[in-house]
Amino acid sequence: MPVPFSGGCSCGAVRYEVGAEPMAVYLCHCRSCQYESAGGPSAVVMVPRAAFKLTGMPKAHTVIADSGHPSTRRFCGDCGTPLFGEPSVAPDFVMLRAGSMDDPSWLKPDATIWVSQAQPWAAISDELPRFEGNPSM
Amino acid sequence: MTAPFTGGCLCGAVRYEVSAEPVAFALCHCRDCQYVSGGEPASVVVVMRDALKVTKGETKGYTKQGDSGKTVTRHFCANCGTPMFSDVEANPGIWVVKAGTMDDPSWLKPGVVVYTDSAQPWAHMAQGVPQFPKSMG
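Protein chains in written order, with the numbering used here: chain H, 1 to 137; chain E, 1001 to 1137.
Some clues are possibly wrong.
[As the list claims (entries may be wrong)] With the Cβ distance kept under 10 Å, some of the chain H side facing chain E (calculated, not the full set): (1) 15; (2) 18; (3) 31; (4) 76; (5) 93; (6) 123.
[Claimed, not checked] Below 25 Å or equal to it, Euclidean Cα-Cα: the simulated DMTMM-like pairs (lysine to aspartate or glutamate) are: (7) E/1060 x H/86; (8) E/1134 x H/102; (9) E/1070 x H/86; (10) E/1056 x H/78; (11) E/1134 x E/1104; (12) H/108 x E/1117; (13) H/59 x E/1087; (14) E/1060 x H/78; (15) E/1064 x H/102; (16) E/1134 x H/86; (17) E/1053 x H/78; (18) E/1064 x H/110.
Bear in mind the hints are in silico, worked out from the structure with no lab data behind them. The beta carbon of each residue, even a glycine, is placed where N, CA and C say it ideally should be.
Sequences are here, hints too, so could you generate the full structure?
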């Protein structure tokens, strides 16, 4: 895996660098992610916060996740690109959106999650493990 | 298909109504859409220009040159970041609505997959619908 790797929003106002390998890559079909990802799953790349360096100031929107805990979604206020999530239940991790990486091609998704909320027309892999909700850790 | 239908952003600041049936439902893997959709395709509903009415709030626009050489303005909620509509200079008679913003996107049936050339190697392709390496025409 290419480490460190970098990314940012479509307009370049926000940039980030990650100095560690992703711990997991999930395709998340939860309803909140559908809003963010236009209807299909959001490809979520879990990285340690200690290895995550941010340049620029994304905007934040906090929702109460299905876990019952707050989850903050960060996006670029200039171009709207969804950048990363910060679930309060996992403060040591940042959940990057794969589309914001400069090169997301080398990612290998580990699992499809929240299939219970997927749209009937969403394309779901037969090869990846599926979880009805969050993956068991 | 079901018309009229309604939708809005995750936080509820922006709401809209569409008064006529969509003319197409496409899954778009272009790189610009990947920024919006987290990496997987953007699920986009094409509606006629005069059929879409914003009934609450307003969106923020970000304009970028598209593959055609003409501009695409991507509208999102400035409060929660939800990607909502695109305004395509090459086709001013339509709005492109992100399916994830619909109150009920479940009845949609994908008609076409576009920009398969730029899809991520790990993206999941909808089966049984026509696929185009770039746009349709």
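For a quick check of understanding: which of the numbered hints are violated here, in increasing order?
The structure conflicts with hints 1, 2, 5, 9, 11, 16 and 18, although it agrees with all the remaining ones.
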